[in-house]
Structure formats: C-alpha cells, structure tokens
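Model the full structure from these sequences, guided by the hints.
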Amino acid sequence: MIVKKTITLKGIFEFAGHHVYWLTAYMFIISVLYKVVGWQWISIPWLPVSLIGTAVAFYLGFKNNQSYDRVWEARKIWGGIVNSSRSWGMMVNSFILNNQLTDEEIRKIKTRLTYRHIAWLYILREQLLVSTQWEHVNLKHLFGKIAVQRRERFGIGQFKNYLNEKQKANYYADAAEWDNAANKATQIINLQSQDLAQLHEEETLHMRRQIELQKILSDFYDHQGKAERIKKFPIPRQYANMSFIFTCIFIFLLPLGIVAEFAKLEEAGVWLMIPFGTIVGWIYVVMELIGDYSENPFEGLGTDIPMLSICRTIEIDLLQMLGETELPQPIQPVNDILM
Amino acid sequence: MIVKKTITLKGIFEFAGHHVYWLTAYMFIISVLYKVVGWQWISIPWLPVSLIGTAVAFYLGFKNNQSYDRVWEARKIWGGIVNSSRSWGMMVNSFILNNQLTDEEIRKIKTRLTYRHIAWLYILREQLLVSTQWEHVNLKHLFGKIAVQRRERFGIGQFKNYLNEKQKANYYADAAEWDNAANKATQIINLQSQDLAQLHEEETLHMRRQIELQKILSDFYDHQGKAERIKKFPIPRQYANMSFIFTCIFIFLLPLGIVAEFAKLEEAGVWLMIPFGTIVGWIYVVMELIGDYSENPFEGLGTDIPMLSICRTIEIDLLQMLGETELPQPIQPVNDILM
Amino acid sequence: MIVKKTITLKGIFEFAGHHVYWLTAYMFIISVLYKVVGWQWISIPWLPVSLIGTAVAFYLGFKNNQSYDRVWEARKIWGGIVNSSRSWGMMVNSFILNNQLTDEEIRKIKTRLTYRHIAWLYILREQLLVSTQWEHVNLKHLFGKIAVQRRERFGIGQFKNYLNEKQKANYYADAAEWDNAANKATQIINLQSQDLAQLHEEETLHMRRQIELQKILSDFYDHQGKAERIKKFPIPRQYANMSFIFTCIFIFLLPLGIVAEFAKLEEAGVWLMIPFGTIVGWIYVVMELIGDYSENPFEGLGTDIPMLSICRTIEIDLLQMLGETELPQPIQPVNDILM
Amino acid sequence: MIVKKTITLKGIFEFAGHHVYWLTAYMFIISVLYKVVGWQWISIPWLPVSLIGTAVAFYLGFKNNQSYDRVWEARKIWGGIVNSSRSWGMMVNSFILNNQLTDEEIRKIKTRLTYRHIAWLYILREQLLVSTQWEHVNLKHLFGKIAVQRRERFGIGQFKNYLNEKQKANYYADAAEWDNAANKATQIINLQSQDLAQLHEEETLHMRRQIELQKILSDFYDHQGKAERIKKFPIPRQYANMSFIFTCIFIFLLPLGIVAEFAKLEEAGVWLMIPFGTIVGWIYVVMELIGDYSENPFEGLGTDIPMLSICRTIEIDLLQMLGETELPQPIQPVNDILM
Amino acid sequence: MIVKKTITLKGIFEFAGHHVYWLTAYMFIISVLYKVVGWQWISIPWLPVSLIGTAVAFYLGFKNNQSYDRVWEARKIWGGIVNSSRSWGMMVNSFILNNQLTDEEIRKIKTRLTYRHIAWLYILREQLLVSTQWEHVNLKHLFGKIAVQRRERFGIGQFKNYLNEKQKANYYADAAEWDNAANKATQIINLQSQDLAQLHEEETLHMRRQIELQKILSDFYDHQGKAERIKKFPIPRQYANMSFIFTCIFIFLLPLGIVAEFAKLEEAGVWLMIPFGTIVGWIYVVMELIGDYSENPFEGLGTDIPMLSICRTIEIDLLQMLGETELPQPIQPVNDILM
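Chains as they are written, first to last, in my numbering: chain A, 154 to 492; chain B, 154 to 492; chain C, 154 to 492; chain D, 154 to 492; chain E, 154 to 492.
The set of hints was computed from the structure by calculation and includes no laboratory data. Mixed in with the good hints, there may be bad ones.
Identical copies carry no separate label here, and so any pair may be met within one copy or between two of them.
To be verified - Here are the simulated lysine-lysine pairs, DSS-like style, with alpha carbons at most 30 Å apart:
no., residue 1, residue 2
1, K417, K261
2, K337, K157
3, K337, K319
4, K298, K384
5, K368, K263
6, K368, K417
7, K319, K417
8, K385, K163
9, K319, K385
10, K163, K319
11, K313, K163
12, K417, K188
13, K263, K229
14, K263, K321
15, K384, K293
This is the structure:
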C-alpha cells in the first residue's frame, strides 16, 4: 500500500516512465516514414481510430474497475479477519472458565488459544505470498527480473524479520502438528477446534460457548477461503489479455490516424505528433498498467494489501486483551510503502 | 481456467483468428464494389455509423460485464464450497463423541461422513458439466463440432480418470442409495442429514451439535442451488442475442461508412481499408466472443471454473483432517489450462 | 425463459420486426420532404443529434441494466426458494421423531408438512402471475391485445393443467383453511408454523428443532416478500418512461440530422437514408424494448423466470426425499420457451 | 409511486413542461443576438461543448444511478419490514403458550403484541415523512410552495385519514408510554422487548423462543435504522449540486456552440435553433430532474415509496393471522398515484 | 455533511473558485503565444484531445463513483452502529434479571453497561478523526494549512466541547481500564464482554442471553473494524493519483487543441478561448476535486459523515430506554454543516 497522497514525478517515472521510450520511438518512426520517406499512404482516417479509442477506453475502464474490486475485496477480507480475531480474543477471554482450575491454568489455556491464532495469521499471510504462475515475478525474461527487483526494493523485501525469536517461540510452539500439512492454515484452525472439543470434555468450556467459538473458527475458514480465491483465481485471462491486446492495437493505429491531421498544420506539424502522440498513447498504457498491477493484491509488491501491518495490529490487540504489557511495535511504512 | 498471464499470438489465433477471414473477405468485396465496379453510392456518412459503434460498444461492455459477473459468482460459489467443506470436516472431527464407542468406531463414523461429502463434491461437479441446450457444444452444424473438439483438446477432455479405483470404492460406497435420484447431489446431502439424526439417536452427537452440522448441510444446498442457478439460467437470450445482432449490423455498416474516407486518401486508400476495417471489426467480434465464452462457466471448456482442481484441494484437506497420509496429488494444469 | 442460444431471424422479426414499418415510413417522409418537396430547411446539424444519441444510449444502457438486475434478482429469489425448500424437506425428514408413534404416523406427518409446502410453491407462483396495472397485458388498445396473445402463444398459455387431479388432491388438502385469505401464501406458511407448534406440544418435535424449522419458514417469508417486491414495484415510472420519451425524441431528430449528410452523397443519397436511418433507429428501439420486456419477470410472457419448471424440480426432489417413487415429469420447453 | 406504465403528455408537461419556457427564451435571445444584433463573435466551436455534453451526461447518469439505488434500497427496506412483520405475526402466534391461561387470555396477549407492532408501522411511516432541510418542500420562494402544493395534490395529501377511530383505539392503546419519546418508533420496539421479558417471567414464553422474537425486534431496529439513514443522509451535496451546476453550464454553452452550425444552413437556420436547442437542453434538464426527484424517497411526493399501502398490506395479513375477519380495505391508487 | 439542498455561488467559489485563477492565466498565456507572439505551431488537432477528454471523463467518473461508495459505506457503517446500539440498549434492558437483587442494583448494572457503550461511541469517533498521512491536513505547504483552516472553520472546529462535565464523569467512569490501550475502543468492548461473563457468574444473566449480548459485541467489532478499514485504507494511490495526473495532462492539452478552432472565428476568437477554455477546464478540475474531497469520510471536514450527530442520537435513545429524563440536546447544524 502506498501511503503518500500524491506520487512524485520520480515515482511516476519509476512506475511507467520507461514506456515513454518506445512510444516516442514508434511515433518518430511513423513521422519519418510519412514526412522524410514520403509514405503518405500510411495515413488512415482518424474517425474509426477514434471509435476504437473510445471502445478501448471503455474496456480499460472495465478492467480497472474489476482490479479495483479485487483490491477492495482483499482489503475487506483482511478487515474481516481483524474483526473476527478481536471477537475470538474477547470470547476466549470471557468463555474459558472452570472453578476447578487455578487462575494460572486458565490463563495458560487462554494464552494457548490466542497464540495459536496469531500463528494462523502469520502463516496465512505467508501462504498468500507464495507466487502463482500469472504474477509479475513469474514473467519470462527481463519483465520477471524487474518484478523480482521491485518486490525486493519497494515491496516485501523491505519488511523482513518481522518476528523476533521470542515471538516465533511463542506462536509457533506446536508447529510440529501442522508443519507437514498441504495447507498449514487450514490445519491450525482444525487444531483449535480439537482443542475446544477437549476443553469441553474437561468441562472448562460449556457446549453453548464451544459452539459460538466454533462459529468463529468457521468464519476464519471463510476469510481464508476468500483470500485464497482472490489469490488462486486471476481475472480470467480472456478478459485481462484482450485489454492488453486492444491497447496495443490502438497505439499501433494512433499515429497512422493522426499523422495527416498534424501534417495539415504548419511546417513543424508532423514532428509535433511525436510528443503529443506519445502523451495520448502513454495515458492508455498507464490505464492498462494500473489495472494490471492492482489485479493481484497478494503479490508482494508495493501496491499490495498491507497484510503484515494488519497482522501486527491484531497481534497487539490480542496481547493487550491477555493483559500482556510487553508489546511489539506497529509496522511503519518504509519509503512510503506499508506492507 | 487459463493459468498463463499472457496469451501467445498462437493462442489468440486459435481463439479468434478465423474471424479475420470473413472480415477480410467482406472488406475486400466492398472495396472492389466501390473502386472496381464503381458503385460509389454504397458509401454512407460515417457519423451515424460512429454513433452506432459507440452504442454497440456500450452494449458489448454491458454483456461482458454480466458474463464476468457470472464467472466470478461461479468462482465465489465454489470458494464457498471450499469454506463450508473445511468447516464440515472440522466439526465432524470435533463433534462426534461417544464414550461408549471405541476410537476405531468413532473414526469409522467420521470417515463415513467425510467420504460421503467428497462424493457429493465430485457428483455435483459431474452434474454441473451435463450440457444445456444453449451451450456451445449443442450448437448446430460446424459450430457445435468445433466446440466439442475444443472441450476434448483444451477442456475437460484433458482431465479424465481423475479418481482411481480405490478412491471410487471409498467415496461412492453407498452409491446405491442415491444412484437413481433425479438429483443425486440433493439426495446425498439428505442422506448425510439422516445419518446425523441417527447419530443423535445413538447419543453419539448432541442435539445442539447436530443442529450446527445441519446448518452446514443447508449451506451445501445453498451452494449447490446457486451453482445450478448459473448453470440452468443463461444470460436472458433477449440480451445476449441482441448483442450479437448489433455487432453484425455494426460490422455490416462499417466499411460502407469508412470506404469513402479511405478513398479520399491517396490512390491506394481504398485497399488500405481492407486491413484497417478488418482490425476494427475484429475488435468488436472479439469483445462479443469474450462475453459469449465466459457466459457459461460450467461448459467443460478451458475458460471454465477449475472445479476439478477445487474438489481435489478439498479432498486433500479433508483427508489430512482425518489423519490420513496417503494423499492424492493436486490437479496440475495441462497446456496452461486448469480444470 | 428462452432456451435457444441464438434467436432465428423469424424470432427477431416477431419480437421487433413491426417497428421497421413505421421507422421506414418516417424516414421516407423526411426524404420526400427534403428531396421532392424541397424543404431543405428541415435539415439540422448532425453534431447535437449525435450528442443526444450518445446521452440516450447511456440512458438506455442504464435502464437495460436495471431490468437485467430485476430479472436476475427474480431468478436468485427463486433459486433461494429451491435451496430453502430442499432444506425444509431434509429437516422435516430428520427432525420429526417420536418413539410413541408408528412409522406410518411419522410418515404421515412428514408427508403433510411436505405436501403443504408444495402447495405454497404453486400458490405463490399463481399469485405472482396476477397482472398489475403497468404490465403489458393491461395496456390499452392494440398493445394490450397483442400482449395477451403473446402470453397465450409464447407464454403461460402453453403450460396449462400442470397439476393432475391426484396432485391437486394431495397438495391442496387443507385449502379450506387458506382459500379466503387476502394473501394465501402468507397464511399457508402461518399454518405450517402452527402445525410445528402443535407437533412440539405433542412431543414429536424438540423445541430446538422447532426453532430451526421456524427459521426456514421465516426464510420462505423472505423469499415470498422479495418476489412480491419485484412484482408490486415496477422500475419507477419517471425513469422507465423517460427512456421511452428520449428514444422517441432521438428518432424524431435522427433523419433531420442525417438527411443533409446523405444528400451530399451521389444522386441516390437521400433515398439511401431510408434503409440506413431505419437501421440506426431500430437499434435504439430494440434496446428500449429489451429493457421494457425484461422489467417485469413475472408477467406470464416468454421472457419470464421459469417458475413452473422450478416448482416442479422442487416437487420432484421433495417427493424423492419422502421416498415416493411415482414422480411427475419435469417441465419441458415448448417452442423453445420454458415457463 | 406512479402506477401507470406510460405517463401521458399532460403528465410530462406537469412534471417538466415549465422548463421549456426559459429554455426557449434563452435560445431565442441567443438567436436574436447572433442574427439580428449581429454579435457573431458569441459563437464558439462546437467540439469542446460536445465534450462537455458527454462528460455532463456521464455525471448525470451517475447521479440518476445513485438516486435509483436510493429508491430501490428504500423499497427493499420496506420489503424487509413486510417479511419481518409476517415472521413476527407467525411466531407470536406459535410461541405464546401457557397451559395455565385461558384461550382468551392467550389471545389477548397475541393481540397486544400484534397491535403494538402495527402501531410501530404507522408511527415509523409518520416519522419518515417529517421533512428535512434539503427536501423540495423546504426550498425557498416559489420552489418550496410548488412542492408543498404537489405534495397535497399528487402526494400524501390524497391519502389522509387512513386510520379510523377504532383502528387508532386498538393500535395506539398504550401511546402514553411512547408519546414523549425523542424517537417513538424506537421506544415502541423497546416496549415490545420488555413485554417479552415479562411474558418469560410469567412462563408464557420459553427463553429460547423469547430470544428468537428478540432477534426479530433487532431486525425491526435494522429496518428502521436503514430507512432513517436514507431519510437523514441525502446524496452528498457536493455530488448532487455539481450535477445541477454542470447542467446549467452546459445549457449556457449549448446555443453558443450550435448557433453557427445552424446559421450555416438555409436562411431560416438560426431560428430553427430555437426548437432544436430547446429539445437538447430539455433532455438534460429532465435527466437532472429525474435524479433530483428520486433522491429522497420519503418526501411525501408522488414519486415516493408507497409506505401507506405497504403498512396496510401488513396490517391485513397480521389481522388475518389473529383470525380477525373485520379487515380494513387495501389502499387504492388515486390519480394513478399510490402512497 | 452539508445540509443545504443547493450550494450558493459563494459556497462554490469557496470550494473551487481559486482554480479559476490559474486556469485563466494558462488560457491567457496560450492565447498570447498563439496570437501575439505568433507561435501558431503550438496548435494541435482537436480530435485526439477530445478522445483524451472522453477517456479522462470516464476515469474521473470511476474515481467519483468509488469515493461516493466510500462515503455511503461509511454512512452505512454508522447506521449499523445506530441499529446495533439500540438492540444493545433494548436487550440490556430486558435480559438483566435477578430476583436476589434490588431494583436499584439492577438499574445500576443496566446503567453501567449502557454508559460504557456510550463511551465506546465517542471514543471510536475520536479515534477515527486522528488524521492519516494521506489526508488533506497532512499535505505539505499551503495546501495543508488551508485544509487545517477549513477543518476549523467548516468542520469539526465548530463542534467542540460536545460533552459536558457530567456526561464525561458518567460515561468515562472506568477510563482507567482502557486509557493506555493501543486501541481504546477495542478494549472497551472487551471490558463489556468481561462484565457480561461476570454477570453470568453472579446469575444475573442467563448464558443463552449472555451469548446473544456477546453477538452484539461482535457486531460492534464488525462496525468498528469496517470504519477503521475505510479510515486506514485510502483509494489505492495508483488509482487516485493517476486521475489527478490525467486531468492535468488534459488541461495542458486543452487550449492547444482548441486555440486554432477559436482562431478560425471572428477577430476576437482567440480571446474568447480564455473564458470558455477556463470553463471546460474548471469542470474537469471540479470533478476531480469532488472525488478527492469525498474519498476520506472521517477527515474532520464539512464533507464528513456526521458522526457526532449520530453519537448524540444514540445517546438520547439509550438514555430514554433507561428511563432518564434529563437528556442532552441533539446536535444542530452550524453554517449548514452537520458533523
């Protein structure tokens, strides 16, 4: 998540500046062909190009909209995790009760159920960050390398070692039980459920209350499943790709459609097409890029949902509910990026 | 589901390349009529054509949007099935309890309830793949044949024999009880419900817990019913068809509207209309096709929701909850298609 | 519901063909006035007409969208009825239990609760088909007559006598109790509720289970109320009408705006306006018609939600849950229409 | 709610006819200035005006969409009130039970709970009709007066005295307890809740059932709160106003942009601008008006949600559930308006 | 929240008037360059500019839409807080019950639970008003200063001292227990939960009822978490910024695109471009501003959600449920702003 209201010119250049090069080059070539080489027949009427431009702008708008919805839904899911986690902490605190047990024993049970939940949070985050085939870092050639570099420099690379040894020891205490699972997060929740059943057996948890806690565990499965859905199901490629292809076609047609209009102007006209055609093309490219980079909100890039920061917020709240006073620090943005 | 970020040129050609032929032919005919035969009266003013082009682009955008929503809702439903299935597994694991029974007996009950659920998953998938009257494979003439071929080569045809004999024996153990049902999946859930009632009678399941499990069974009916709704109710044909007809009308008008504009250009102008008119028309055709192929997400084609892969993921998770270690392999994409 | 993927030319002509006549006539009149009578002053500039055309296309898109949402919501509601009905069947099957009663007595109770529910389905459907003031069949003059005819020939008229005498006798056994109600469906559900209360009194239904069944009855009220909302509340007329009026205004302006453009063409130009102007106008008329005919999904026309077919599907599923083997046939499409 | 499918020309004229006057006057003035006075410099190029026209049409579409959503949500809320009210009636009927009490006593309790609910309905409606600062009736000068008149002649003014003395006596029996409340509806529900608690104390209502009824009371708070939200929170004025201002700017620019185009036509051209410019401007004005009048669905005008009619429908259903036979009449439309 | 239907011209000027200055200056410079300096080559063809104008209008519409959705969701969340708070008050009133305790003791418990809830409301509001990095008040230079000033003069600055000493003493009685929390609101709810557990221990609250109240506490966490989500997650900056940049680019291109068109007009033409170009540019600027100022609905500015007024409404309702008669006054708008 970018936390600055306005992106600097430098930021824009880093994000999409390099596309200016090839756009300029292409505009230049067409200008030369038209004016110097004299291939005036390459000019085509503007009007159909304009129609395509409108249709493509619709299509890009549609894709941007869907990407935005994915980002927003991803954030909602993590917001839901916050809410359910607080409810979990609150109910564990109020429902575990047994007059046969000492305060210390009760406290240990509450801590176990809370710590294991924090483990679930961090593990779920890690699972969601494993890259899929269609993410930028798995692109071929230079594209993939740049994406890996970006992830290191403006993404998760800036937020390593987020748990110290003590935290790991606390939260991952029973890692042995879920470490070999195909889906660790799923089995952690299952473990919680078996723990509750055990507590009921031991008469530390009334069945009515067990069922309420069980419902929250189901909610966690819901949240997890929704996040995995966004992770594992990209915008259907037939939609997402065509937007890219349409943009390419439009930019290919663009100078052919405007070169004659510019040529009608004063002497310098055709050369003016180079900057202005580049600007128009660049706007379309950037629209396409925005959708493309917002599509996968768990990629590890700077446009991600700030999962780490959310996990930490929950961690602090839950520890305070347990009455702990030695709290970790909230995650702070680095280079205006919060992960 | 296509799992590659970018479709290759070959992929695009396979998907929509053949439409270039007739578009080119049509553009060529109009050019010849205009230039060679000299029927200059066939030219019409561009402006109303442009208006139609904009209106049709809106309409196509609307249809694409609805198709996208159907795909996305279908994926959400199967995501819901994942979540409820995990809850089912978790609760079966924690709620079945009887001090009178041996561990082995308890384990058998849990296994029965879980295996029967896995049966429901695969049966539901199969039911959803039975083709309806409005799907591509049921089109007349060549269109239907091509669709059948595509289904074999880029769709479910690549993912046969997904259950080995042992799996079938396990999951379909009580197939006799639902095999003759009009809707097998419905009766499997009903069987689960009767099993729960029986377990309550035998005091292996407390009524409060029975009711919770019963609610999850209702959730399965919800998921199933929602998936069936998408399957059995296409985009109302008055909407979907008109988009096709409007596209045809627009493409019919297109060269008539631009031929004069191109003719105003240099000598070669009219002939230039052939490639450029084809490009413009092709963009509209592809927009129409994207909507058309995403409309039915349970067709068995490569653009489907990856139901098989989801079923397998659930199967693995549930088996691990039972503590089984002999797990089936996750479904892998074949030719960049995951079903 | 139309079940054919593509509408034939004949189908299109039946749906909207007659509008071609007056459009052609109007285009012809303007052509004659302009060319023959020589009223060249009736021509107006194209550009403002084009702007109106775009604005009206937006507005029509908006209306089509809302109509689509109504159809889709209507289908979702009936999908919800399917799901809740199956849950009802399943729970009635599992929850009715009394060791004091014979199997036959238990079976009778289950059958009574299930049959009465089937009555609710068919009664609700009938109530939803009673026409409202703003539906096509209540239009004045010829318009209403055509609509009545369509309803008979391509709508509910094709699906009479859907229940045989035995079915009626079974399902409507206690009709006397709700036949005089202002809203029969509402009172049937109320009767179910009183039956449940009675079963609880007789200790055949545990209170916890009664409450679960009661919740499903509330769900039925929800579904019924939602369907009635769509039925009783049309698209606000200020919206729906204006779309019609704007379309009329646009079509009125259309030939005035393009006649001069066509006249600029070769000799035949003005006469070419007749077919092409008709096509442009027709596209707008059809867009308006699609929204207009999809607005009310319980009208009894061929574009309706297939309520009868859904009722029958539920009926079969519920009868199979009761173990009955003498099942009615699913509803089949007639003339590619499923009701 | 307007119940006629098509608005007559008279209806349109009453709704928006008066705007034709000033539009015509403005168009006339520009024509005179251009043609008679000879201020040809007031003409500006059409193309930027057209761009503004498109942008403003988008913006109006956005506002219309939001207004529509408000109407539709308002109707959904009242639909929800219908559903929850029926559930209330049904459950009161089935859950109140005490073998110590006579049938008559039980019946009295049921009647009390039902009547008090009907009071809530009518009181909530009245509260929602109290006008807010931003509604039409509170506009300054003539605008407000016209709105008040419209409310009397085509709105709630036509539906006075909807409850007879007996109804009032029945439903408002314990009005003394909530008459001084800041929010009467809120306190009526609170009273119901205390009544339920009392019934539980008296062992006439089992706690499980009390909790179910309590949930429905919470649902009523939800419905009430949602309706109040729409009432008390208009479309943010920064959005709603700007749409008005943009429309004004566009209409101001419109004749300046088209006057030269019309002047290019035959002699009469400039004068033709008067009717055609008026039509174009009027379409924009009407689009703005539709959004403006649909924004507040509880204003007491003819475009309102038909709350009274809905209240009466519920009243009849609930009385029939109590077995009463002396039922009030449903509300009928007056002058094609249903309130 | 602005409570006036129409903004005065003065209001508009205060909101966006200053942008007229630089727009005029820029239009003036281009006019001078073109006409006086004679740089006619700076003119570019209008048509691509128009295409960009349409695409940017789409994009702005998209952003405005998202901002509107955020405002509306924020209002819905606070509406949800109203509803759940009333349910809380109602249930506390009905569920706290112990024949061992005196009326006064019971009353004290109810008051404690209600007062603490009111504390949660005001604390949550305060937490939501703490400014984030991307809000206007944290902008650099003059922009931030103006925003701070606006907040004081037209925002929360007008609504200080909203609680008198007695209210503070009542509601913040146990502030010591949550004053050091990282998230005070979270810990207040946790305290409520522990209080309920204690009441259950003391047999003043039946477990079934405790669980119902616990669910409402979970609802409060939901509402709080949703509000925090909107607060802590802005519109992704890649979207929000690009809209700003595209608007700048369009306005930069605008006079270059229209200067030649205006120059074609009479002598004065180029100078006419200054006012008209300014108007066109201003409309785009205002569209951008509306989205920009509605994006963050908890900023403390006049376009905020009226949280204070909502808190007070709840406060009054809850106090009346407790039977208190000394009630605070509702919050009234100041300068047509309600906070």
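Status of the hints after comparison with the structure:
no.: 1; hint: K417 to K261; result: neither (83 Å within a copy, 85 Å between copies)
no.: 2; hint: K337 to K157; result: between (35 Å within a copy, 26 Å between copies)
no.: 3; hint: K337 to K319; result: both (21 Å within a copy, 26 Å between copies)
no.: 4; hint: K298 to K384; result: within (21 Å within a copy, 35 Å between copies)
no.: 5; hint: K368 to K263; result: both (18 Å within a copy, 20 Å between copies)
no.: 6; hint: K368 to K417; result: neither (71 Å within a copy, 72 Å between copies)
no.: 7; hint: K319 to K417; result: neither (73 Å within a copy, 77 Å between copies)
no.: 8; hint: K385 to K163; result: between (33 Å within a copy, 25 Å between copies)
no.: 9; hint: K319 to K385; result: between (33 Å within a copy, 29 Å between copies)
no.: 10; hint: K163 to K319; result: neither (40 Å within a copy, 54 Å between copies)
no.: 11; hint: K313 to K163; result: within (26 Å within a copy, 41 Å between copies)
no.: 12; hint: K417 to K188; result: both (12 Å within a copy, 19 Å between copies)
no.: 13; hint: K263 to K229; result: within (28 Å within a copy, 34 Å between copies)
no.: 14; hint: K263 to K321; result: within (18 Å within a copy, 34 Å between copies)
no.: 15; hint: K384 to K293; result: within (20 Å within a copy, 37 Å between copies)
Consistency note: the structure conflicts with the earlier hints numbered 1, 6, 7, 10.
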